[in-house]
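Student: As they're listed, the protein sequences go chains A and B. Just so we're aligned: 314 in the numbering used here is position 314 of the first sequence, and the numbers increase by one with no gaps anywhere. Remember, the numbering used here sits 415 above the position in the second sequence when you count from 1.
Hints listed in this document are in silico derivations from the structure and should not be mistaken for laboratory results. Bear in mind the structure is a predicted one, so any value in this text is a computation, not a measurement. It is possible that part of the hints are untrue.
[To be verified] Examples of chain B residues lying across from chain A (beta carbon under 7 Å, computed):
id, residue
1, 470
2, 573
3, 574
4, 612
5, 645
6, 660
7, 671
8, 704
9, 707
10, 718
11, 720
12, 747
Glycine is no exception: its CB is placed at the ideal position from the N, C-alpha and C atoms.
There are 2 protein chains.
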Amino acid sequence: MDAALETAQQTIASSPTPAAEFDALSPGQRRQVFFLLPESLRESLLADMDDEQLQRFVRRLDPDEVADVLGLVADERRATALERLDANRREKAEFLLDFGPESAAGLMRLNYVTVGVDRDLATVADRVQKYEAKTGEVPTILVTEGDELLGQLPGQVLGMSDGDAVDLRDHVTSIPTVAYDTDDAEVATVFRENPESSIAVLDDDKSIMGIIYAEDLLRVINEQAGETLYEFTGVREEESILDGPFSKVRYRYKWLIINLGTAFLAAGMVGFFEDTIAAFTLLAVYMPVVAGMGGNAGTQSMAVTVRGLALEQISLSTGSRAIRNEIIAGAANGFITGVLVAVIASVFNKSPLLGLVLGVSMVLNLVIAGFFGTLIPLVLERVGKDPATSATIFITTATDVLGFFIFLGLAQSVL
Amino acid sequence: MDAALETAQQTIASSPTPAAEFDALSPGQRRQVFFLLPESLRESLLADMDDEQLQRFVRRLDPDEVADVLGLVADERRATALERLDANRREKAEFLLDFGPESAAGLMRLNYVTVGVDRDLATVADRVQKYEAKTGEVPTILVTEGDELLGQLPGQVLGMSDGDAVDLRDHVTSIPTVAYDTDDAEVATVFRENPESSIAVLDDDKSIMGIIYAEDLLRVINEQAGETLYEFTGVREEESILDGPFSKVRYRYKWLIINLGTAFLAAGMVGFFEDTIAAFTLLAVYMPVVAGMGGNAGTQSMAVTVRGLALEQISLSTGSRAIRNEIIAGAANGFITGVLVAVIASVFNKSPLLGLVLGVSMVLNLVIAGFFGTLIPLVLERVGKDPATSATIFITTATDVLGFFIFLGLAQSVL
Numbered sequence: 001m002d003a004a005l006e007t008a009q010q011t012i013a014s015s016p017t018p019a020a021e022f023d024a025l026s027p028g029q030r031r032q033v034f035f036l037l038p039e040s041l042r043e044s045l046l047a048d049m050d051d052e053q054l055q056r057f058v059r060r061l062d063p064d065e066v067a068d069v070l071g072l073v074a075d076e077r078r079a080t081a082l083e084r085l086d087a088n089r090r091e092k093a094e095f096l097l098d099f100g101p102e103s104a105a106g107l108m109r110l111n112y113v114t115v116g117v118d119r120d121l122a123t124v125a126d127r128v129q130k131y132e133a134k135t136g137e138v139p140t141i142l143v144t145e146g147d148e149l150l151g152q153l154p155g156q157v158l159g160m161s162d163g164d165a166v167d168l169r170d171h172v173t174s175i176p177t178v179a180y181d182t183d184d185a186e187v188a189t190v191f192r193e194n195p196e197s198s199i200a201v202l203d204d205d206k207s208i209m210g211i212i213y214a215e216d217l218l219r220v221i222n223e224q225a226g227e228t229l230y231e232f233t234g235v236r237e238e239e240s241i242l243d244g245p246f247s248k249v250r251y252r253y254k255w256l257i258i259n260l261g262t263a264f265l266a267a268g269m270v271g272f273f274e275d276t277i278a279a280f281t282l283l284a285v286y287m288p289v290v291a292g293m294g295g296n297a298g299t300q301s302m303a304v305t306v307r308g309l310a311l312e313q314i315s316l317s318t319g320s321r322a323i324r325n326e327i328i329a330g331a332a333n334g335f336i337t338g339v340l341v342a343v344i345a346s347v348f349n350k351s352p353l354l355g356l357v358l359g360v361s362m363v364l365n366l367v368i369a370g371f372f373g374t375l376i377p378l379v380l381e382r383v384g385k386d387p388a389t390s391a392t393i394f395i396t397t398a399t400d401v402l403g404f405f406i407f408l409g410l411a412q413s414v415l
Numbered sequence: 416m417d418a419a420l421e422t423a424q425q426t427i428a429s430s431p432t433p434a435a436e437f438d439a440l441s442p443g444q445r446r447q448v449f450f451l452l453p454e455s456l457r458e459s460l461l462a463d464m465d466d467e468q469l470q471r472f473v474r475r476l477d478p479d480e481v482a483d484v485l486g487l488v489a490d491e492r493r494a495t496a497l498e499r500l501d502a503n504r505r506e507k508a509e510f511l512l513d514f515g516p517e518s519a520a521g522l523m524r525l526n527y528v529t530v531g532v533d534r535d536l537a538t539v540a541d542r543v544q545k546y547e548a549k550t551g552e553v554p555t556i557l558v559t560e561g562d563e564l565l566g567q568l569p570g571q572v573l574g575m576s577d578g579d580a581v582d583l584r585d586h587v588t589s590i591p592t593v594a595y596d597t598d599d600a601e602v603a604t605v606f607r608e609n610p611e612s613s614i615a616v617l618d619d620d621k622s623i624m625g626i627i628y629a630e631d632l633l634r635v636i637n638e639q640a641g642e643t644l645y646e647f648t649g650v651r652e653e654e655s656i657l658d659g660p661f662s663k664v665r666y667r668y669k670w671l672i673i674n675l676g677t678a679f680l681a682a683g684m685v686g687f688f689e690d691t692i693a694a695f696t697l698l699a700v701y702m703p704v705v706a707g708m709g710g711n712a713g714t715q716s717m718a719v720t721v722r723g724l725a726l727e728q729i730s731l732s733t734g735s736r737a738i739r740n741e742i743i744a745g746a747a748n749g750f751i752t753g754v755l756v757a758v759i760a761s762v763f764n765k766s767p768l769l770g771l772v773l774g775v776s777m778v779l780n781l782v783i784a785g786f787f788g789t790l791i792p793l794v795l796e797r798v799g800k801d802p803a804t805s806a807t808i809f810i811t812t813a814t815d816v817l818g819f820f821i822f823l824g825l826a827q828s829v830l
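Could you build all of it, start to finish, from the sequences and the hints given here?
Tutor: The following block contains the structure:
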C-alpha cells in the first residue's frame, strides 16, 4: 500500500483535531483515506468537521458515496448538506439514504438507463448521450422487454456500423438480480455463483432500482477482512487497531465475562476432583496439556466447518458424513499426540500408568473435540445464530469440562 | 445459495466416481460447481475424468478458465487437451498457463484491444467488431499514447453521433496498473484503494499483458473466505469440510504436535510449583481460569492487530500507540474480570487472600496478553512471517507460562 495513505490514517486516528489533518490531504487522497478508515473513525472525523469542510468533501463524491458519508451524520447536518448539493446528486443521495448500508439497495448505484429490446441502436446511443450530458457519468445500459429485465448491453455494441439492422436481443448478456433488501453477504454469494460484472437490484414489484458492480462489493468484502477472526475472538465488528483504549474495553469486556463463566464451569469440574489432585499433584501439571490440546483440535474442526458453511458446502441435514470424518480424524490425531504424551509422562515421571491415563484421555478428548467442533456450528447455523461467534464458547466448554472429567475421572479410578 | 449446487458439491465429494456425478449436471451447472469446489476435489475430479469428458468440459470455458482447469492436470493430458481446442482458446490458455495462478498474470483475461489516443471512433469501432467476430467476446478498449497506457474507454462512447470530432482523450478513464508477477493479495489491495472496475497487467517492459476485472478477484476473495481462521487454528489452506479423514489428519497433526510442545512449557511451569499446589490444592482449581482468560484476551488483541495489518493501518514502526492502548485496555478488562473472580473466590472459598491473588494475577495476565497480543503479530509481519498463523503459538505460550508463573508465584509468596 501507499505509505502515505497508511500514515494519513494513523495521523487522523491519533489526532485530537482529525478534520484539520484530513483537510491537509489532496482531494483525491481524502476520498481514498475516508473509505479506508474504520467506521468509528469516520464518525468522529465527520463530527469534527464544520459544515463548510463537509460540503467541500461530499461535493466531489458519487451519489452512492455521498449517501455513505451522510448516513453517518446527524439528521439536521444531513439536511443542510443535501440542500447545498446539485439537484442530480441530491435526489440520488436522498433516495439511497432510505436504505440500510448493508443491504443490496445500500450497495447499489443509479447510473443506468433502460431501453426496450425493440429499440434501434440510434435510440440507445441518444439515451446514453443525454444521460452523460446531464450527469457527467457514463451509464450502464439495461435492456427490458415489457416489465421484464433481459440483461445488460455492452456499450461497445453501440459502435456497430450497420446500426439499424442490429437486434438488441442478440447482444444482451443476462445479469442476475436481487431484491433491494437482500443483505450484502447474500449479494456476495450471488456474485460467487455468477461471475458476471454486475447485478440488478429489483423493487418488490420487480422494477429496476439500481445496479451493483463487483467493485462495490470488493470494498465491502475488504472491510470484512479478518472479520471471522473477530467473531471467533468475540471482538465487536466495529473495532479497529486505531481505536483508543476505552472503545477497546467497551468492545470486549462482555465476551471476557462470558468466557469467565465457562472458565468457572471447567474450574468446577476440577474442584470435583480436588481430593484426587491433593493425593497426586502431578495431575495438576498435566491438566493444561489435556485441556489445551482438546481446545486446539476443537477449533480446528470448527474453522473447517465454519468455512464449509460460508461456502455453502454443508448444512446440518447433510452433515453426518462430515461429523463422522471429524471423529475419525480426532481419534487418529488423538492417538498420535496421545502416544507422544504417554511416552513423555512414562519416561519423565516414571509412571506408565499416568502415561496410559494421559494417552487415553487425549484420544477421547480429541474425539469429543471433533464431534462438538463440527456439530455445534452446524446447529447454530440451523437455528439462525452466527456459527463463528458463538461456537467457540460451547466447544471449549465441552473440551475443557469433558476433558477434565475424563482425565481426572480416569486418574481417580486407576491411580 | 441454490440448493442444487450444494447437493452437487457434496455428491461429488462423497462419490467414488465423481466424474460420473459431474457428467450428470447440465453444462452450465458443471462450470458453476467446478469453480465452487475446493482445490483438492477439483484435482480428484479431473483425475477421474477421461480425456473425452475433460474435452467436453473445457471447450465451453473462457481461456482464463481453461488455464485454471488445465493447470491442475498432468503435463501429457494438458498437451492433448490443448491440441484439441480451437486456435484462439489454445493460444490464450497456453500463454496464461505460464504464470502462477496466484499472481496478477494468473488472474488476468486477454479480452482487450488497444488503440492509440489519436484514432477516431470509427477505427475503434472497427477494431472492436473484428475482435468480436473472431472470438465471440466483447473486448475492453484500452487507449495508449506511444508506449504509455492512458486508460480505458467506456464502450458507450462508441455511440456518440459526431464520431469524427470526438477526442478519445476526453473520454478515457484512467485505470491502475500492476506488474504481472504481483501476488493476488496485493492486487486486492490495489482494488481497495482504487475502486475502479479493472486493472491493467503490465510486462517488465511496461507493455500491456492483460486485464483484471473486479469480478475475477471476487472469486479469489471468496475462496479465501474463512482463511484467517484457518491460519489461526493451524489448518492447511487446502482443507475443506468435504475432505476425508485421512487428509484431515495429514493437514492438522503437525500443528497439534507444535501445540503439544507449548503445552509442555506451561506444564513445566506448573511443575515448578508442585509443592505449592500440594499444600493448597484449590490453586489447581483456579488455574484454568487465569490461563483461559489470558489466552482469550491475547487472541482478541491479536485479531485486531492482524486485521489492522491486513488493512495496512499499522506496522511495527508505527505500532507503539496501539501497543500502549492494548496494555491500558488489558489492565482495565483485567480489573473488571479480576474483581469478579476475586469476589467469587472470597465468598465461595472463604479466602479473601486467594481472591486477592486471583484478582492481581488477572490484571497482570491481561496486561501481558495485550502486550504480546499486539507486539508479536507486528514483529512477525516485519520479519516476513504470516502473523495470523504463527502468532497464536507465541501468544498463548506467553499467557500460559507467564500467567501460571504470576498466579502460582504470587500464591507461593502470600498463602
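Student: Give a verdict on every hint.
Tutor: Outcome of the hint check:
Contact between residue 470 of chain B and chain A, as hinted, is not supported at the beta carbon level, the nearest pair being about 22 Å apart and thus beyond 7 Å. At a threshold of 7 Å, the smallest CB-CB gap from residue 573 of chain B to chain A is about 3 Å, leaving the interface hint in force. For residue 574 of chain B, the interface hint holds, the least distance from its beta-carbon to any beta-carbon of chain A being 3 Å, beneath 7 Å. Evaluation of the residue 612 of chain B hint against chain A yields a held restraint, the C-beta minimum of about 5 Å falling below 7 Å.
For residue 645 of chain B, the interface hint holds, since its Cβ comes within 7 Å of a Cβ in chain A; the closest pair sits about 5 Å apart. For residue 660 of chain B, the interface hint holds, since its Cβ comes within 7 Å of a Cβ in chain A; the closest pair sits about 4 Å apart. Look at residue 671 of chain B: its Cβ gets to within about 5 Å of chain A, closer than 7 Å, so that hint holds up. Using the Cβ-Cβ criterion of 7 Å, the hint placing residue 704 of chain B at the interface with chain A is satisfied: the shortest such distance is roughly 4 Å.
For residue 707 of chain B, the shortest C-beta to C-beta distance to chain A is roughly 4 Å, which falls under 7 Å, so the interface hint holds. Taking 7 Å as the C-beta cut-off, the interface hint given for residue 718 of chain B holds, the closest approach to chain A being about 4 Å. Nearest Cβ of chain A to the Cβ of residue 720 of chain B: about 6 Å, under the 7 Å cut. The hint holds. A cut of 7 Å between beta carbons decides the hint on residue 747 of chain B: the least distance to chain A is about 5 Å, and the hint holds.
In the structure shown, a violation is registered for the earlier hint numbered 1 alone.
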